[in-house]
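Put chain B with the ligands on the given structure of chain A with help from the hints.
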Amino acid sequence: MSFINYMAREINCKIVYYGPGLCGKTTNLQYIYERTNPDAKGKMISLATETDRTLFFDFLPLALGEIRGFKTRFHLYTVPGQVFYDASRKLILKGVDGVVFVADSQIDRMEANEESVENLKTNLEEQGYKLEKIPYVIQYNKRDLPEVATVEELREKLNPMNVPDFEGVARTGVGVFDTLKAVAKLVLTELRKGGP
Amino acid sequence: MVNPQMVMYEEEFNQIQNVVDRLVKDANAKVVFIVDKNGQLIAASGDVDNLDTTSLASLTAGNIAATGGMAKLLKENEFATQFHEGEKANIHIQLVGNRVILVVIFDSKSSLGLVRLRVRRASEELNNIFEALLKKVADPGADSPFAEITDEDIDNLFND
Ligand SMILES: Nc1nc2c(ncn2[C@@H]2O[C@H](COP(=O)(O)OP(=O)(O)O)[C@@H](O)[C@H]2O)c(=O)[nH]1
Ligand SMILES: [Mg+2]
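Sequence order for the protein chains is A and B. When the letters of the first sequence are read in order and numbered with my numbering, they come out as residues 1 to 196. When the letters of the second sequence are read in order and numbered with my numbering, they come out as residues 1 to 160.
If you're looking for bench data, these hints aren't it; they were derived computationally from the structure. Incorrect hints may have been included.
Stated by the list, open to error - One side of the interface only, derived from the structure: several residues of chain B facing chain A at Cβ under 7 Å:
| # | residue |
| --- | --- |
| 1 | GLU10 |
| 2 | PHE13 |
| 3 | ASN38 |
| 4 | VAL48 |
| 5 | SER58 |
| 6 | MET70 |
| 7 | ALA71 |
| 8 | GLY97 |
| 9 | PHE146 |
| 10 | ILE149 |
| 11 | ASP153 |
| 12 | PHE158 |
We treat Cβ as the ideally placed atom computed from N, Cα and C, and that holds for glycine.
Next comes chain A alone, as it looks inside the complex:
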């Protein structure tokens, strides 16, 4: 749920990075964090286990610049990917303005990707959202690895709605900002459509 603050003249939006465990969600945020000017970002928070698996969420606040005199602020969140953290995923989706689905391109992760998309749909629906109705983009990550599915295959399985999609290598940053820009753009476009 975007938050327009007329007093501070800023608008806040929430973007959630979703996807199966180890697909690269946290890595996306880390890359964005590393490559953003200090004055445009807040602290990145990772609630992780001792082995660096996301336990609850990662959080990164970003300021993108001004539109019509309003500062645009984006709060990026990731969810924990493991199946058993479903309760936490639901909580993080509350009030979401846009979703990035990070897919793991490796052939043996295809099923995990498909399960995760289904889970995303279910969890959104539980809160009265429809995936078709919210700003949504997809990143096919880990394109640098050898045993990966082709983009056509990934598209066919994971992108039936034909939303904007990108190839990524989050570890080196390929596609990371393109993905973020695409979802931010959709979120802002959505704001134009609906007044409060």
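Relative to chain A, chain B with the ligands alone:
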């Protein structure tokens, strides 16, 4: 629009700011802030300069969301109050009208009893303000400054 927007206007913001400013004094608190349930900071007062309020806001909302999830499993409505006691700092978290979260950080200059008492009054005031705000937002007469933005405006954001 899928999501109803949260909107803050100058009038209500000033009212809210008054309540938090007063609460800092009345409760002898170090810091008071208000967060919406999605983790966005609405107002803050007290010794906030050395505090990462954005991070605190997000973590507070995560915390309330998690306890809310626990409440649901226990068939409780909501755990409206939380208190965390540290060696130097204590933190009191209060859900107000199931909409926003009021956070008070205090040290040994205050006490839990005093904070509780003052929070109760502030909560009532805040609840009234947010109710009025919601009515205003629901009024379709309120224009969004974003209704007129162009693709160009959006593209310009990314041009650096
Ligand atoms: N080869 C390769 N590894 C990646 C890429 N993106 C992430 N990883 C690695 O995959 C592992 C899991 O990444 P992480 O971001 O923690 O996954 P998350 O569970 O989705 O948050 C880490 O070891 C990352 O370094 C990528 O594009 N290529
Ligand atoms: Mg992670």
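* Status of the B:ASP153 interface restraint (C-beta, 7 Å, chain A) -> For B:ASP153, the interface hint holds, since the closest Cβ of chain A sits about 5 Å away, which is under 7 Å.
* To do: Please verify that hint: B:VAL48, Cβ, nearest Cβ of chain A, below 7 Å or not.
  => Interface hint status for B:VAL48: violated (14 Å vs cutoff 7 Å).
* Asked: For the hint on B:ASN38, does the least C-beta distance to chain A fall short of 7 Å?
  -> OK, holds: B:ASN38 within 7 Å of chain A, min 4 Å.
* For the hint on B:MET70, just tell me whether its beta-carbon gets within less than 7 Å of chain A. => 9 Å, violated
* Hint check: 7 Å Cβ-Cβ cutoff, B:PHE13 to chain A -> 4 Å, holds
* **chain A contact restraint on B:ALA71 - CB to CB distance below 7 Å** => With a closest approach of 12 Å, the B:ALA71 hint is violated.
* Evaluation of the interface hint that places B:PHE146 against chain A, nearest CB under 7 Å -> 4 Å, holds
* Proposed interface contact between B:ILE149 and chain A, which counts if any beta carbon pair is under 7 Å -> Because about 5 Å separates B:ILE149 from the closest Cβ in chain A, which is inside the 7 Å limit, the hint holds.
* To do: Report holds or violated for the interface hint on B:SER58, using the least CB-CB distance to chain A and a cut-off of 7 Å.
  => 5 Å, holds
* Are B:GLY97 and chain A close enough, Cβ to Cβ, to be under 7 Å, as the hint says? -> With Cβ-Cβ at 16 Å, over 7 Å, it is violated.
* Does B:PHE158 pass the interface hint, meaning its C-beta sits closer than 7 Å to a C-beta of chain A? -> 5 Å, holds
* chain A contact restraint for B:GLU10 - C-beta distance below 7 Å -> 5 Å, holds
Going down the numbered hints, you'll see the structure goes against 4, 6, 7, 8, while the others check out.
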